[in-house]
Amino acid sequence: MVKFWINLHPLTSRAFYPKYEKIHDEESLETDSGPRWRQRRTNQWIAWPSRATIIVLINLVIVGLLLYALEPLITLLRRNKELFSPRVALPSSNILYDRNRTDRLSHIPRILHQTTATETIPEHWVRSQKSCKQAYSDFEYKLWTDASARSFLANHYPWFLDTWDNYAFPIQRADSIRYFVLYHYGGIYLDMDTWCNESLPIHDLGSCTAKHYALFKSTLPTGVTNDLLITSANHPTYAAAITQLPVFNAITRVWARWQPHCAIMISAGPLFLTMVVKQYLLEQPSLPSPTVGVINATELAPYAIDLESSTWHRADTKPKFIGLAVALIDVAQALGRRLSSFLIAASSAASPQAATLLRHHVF
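Numbering-wise, the sequence shown is residues 1 to 363 according to full-length UniProt numbering.
No lab work stands behind these hints, which were simulated from the structure alone.
A couple of the hints might just be wrong.
Said to hold, decoys possible - Calculated pairs, DSS-like style, for lysine-lysine (alpha carbon to alpha carbon, straight line, at most 27 Å): (1) K211 / K142; (2) K142 / K130; (3) K278 / K81; (4) K278 / K211; (5) K81 / K211.
Assemble the whole structure, with the sequences as input and the hints as a guide.
Dropping the structure here:
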């Protein structure tokens, strides 16, 4: 039996079988180039983000959209004093001055603009209109009706007719036309419910060295109003205003019927003008700008008084709008603080580096 296994051993040994060299296979080399444990670890590294990371990213997007949408209101409140603090002082109306004085060159034309729907002046505006025509008797007087305003636009700015014809409310046309005529002609614009005591000393306004000058009236809670406007012709602020009117109308037209007061203010009213002036001032090399002045109602009182008839809305519109604007700003700031705290806390758990970045660069 032993002899049998000895004879069988060569058949079962490895040396009995011929040795074959492994065929060179490039695909096999690429697949088996590394150890299997390294391949398994590589697959583990490719994983979906954690739930906390996704929540942080979603909230970052929400915060970014909120800050982007409410940035104009936040900037207005934060930089109101810097941008719209009244700095213009007028001489007392009791001091006599020569209306035709030439010792100081003024770029503001002697033109008074007013607007109304038709040539027939409403009874409650007759006396105030008469007071302004008397105070500015040596000025050229231009009364812009809906018909004459549209004819003016058709001749000089036909690209705006589509926006003009499709405004949701008549007051938007009254607001927008004042920017066009002031850009085109320059001069003074006064609302029909303005009572004029004396003509404003336009020769005392502006800088002798500045090519352009525009005077705006401050309002609350921030910015400027558009019931009294004074400017030289072709002022850059009014150039920006007339070019941005179609854009702001397109933004507000979708929801104008549900929020008419806000739509009017933002599309062509005082808030629209405030946004335009703000952007112009922020682009200036220094503040206050020699090309823009801001004056308050108290300083204007000896010359002109706003009777505040507000015929285009109910008496509660101004408080509503002011409350809405302040509420939006407060909500934006509160959301910013709360979301920033949440994001920093959430990101600290996921990544200390991300938390540091948020703390120092985002908020």
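Are the Cα positions of K211 and K142 separated by 27 Å at most? holds (24 Å)
Satisfaction of hint between K211 and K278, Cα-Cα up to 27 Å: OK: K278 and K211 at ~20 Å, within 27 Å.
Straight-line alpha-carbon gap K81 to K211, limit 27 Å: Given pair K81, K211 holds - Cα atoms ~25 Å apart, limit 27 Å.
Would the pair K142 and K130 pass a check requiring their Cα atoms to be no farther apart than 27 Å? Status holds; Cα separation ~13 Å.
Given the proposed pairing of K278 with K81, does the C-alpha separation stay at or below 27 Å? With a Cα-Cα distance of about 12 Å, the restraint between K278 and K81 holds, given a limit of 27 Å.
Figure legend: structure checked against the earlier numbered hints; every hint is met.
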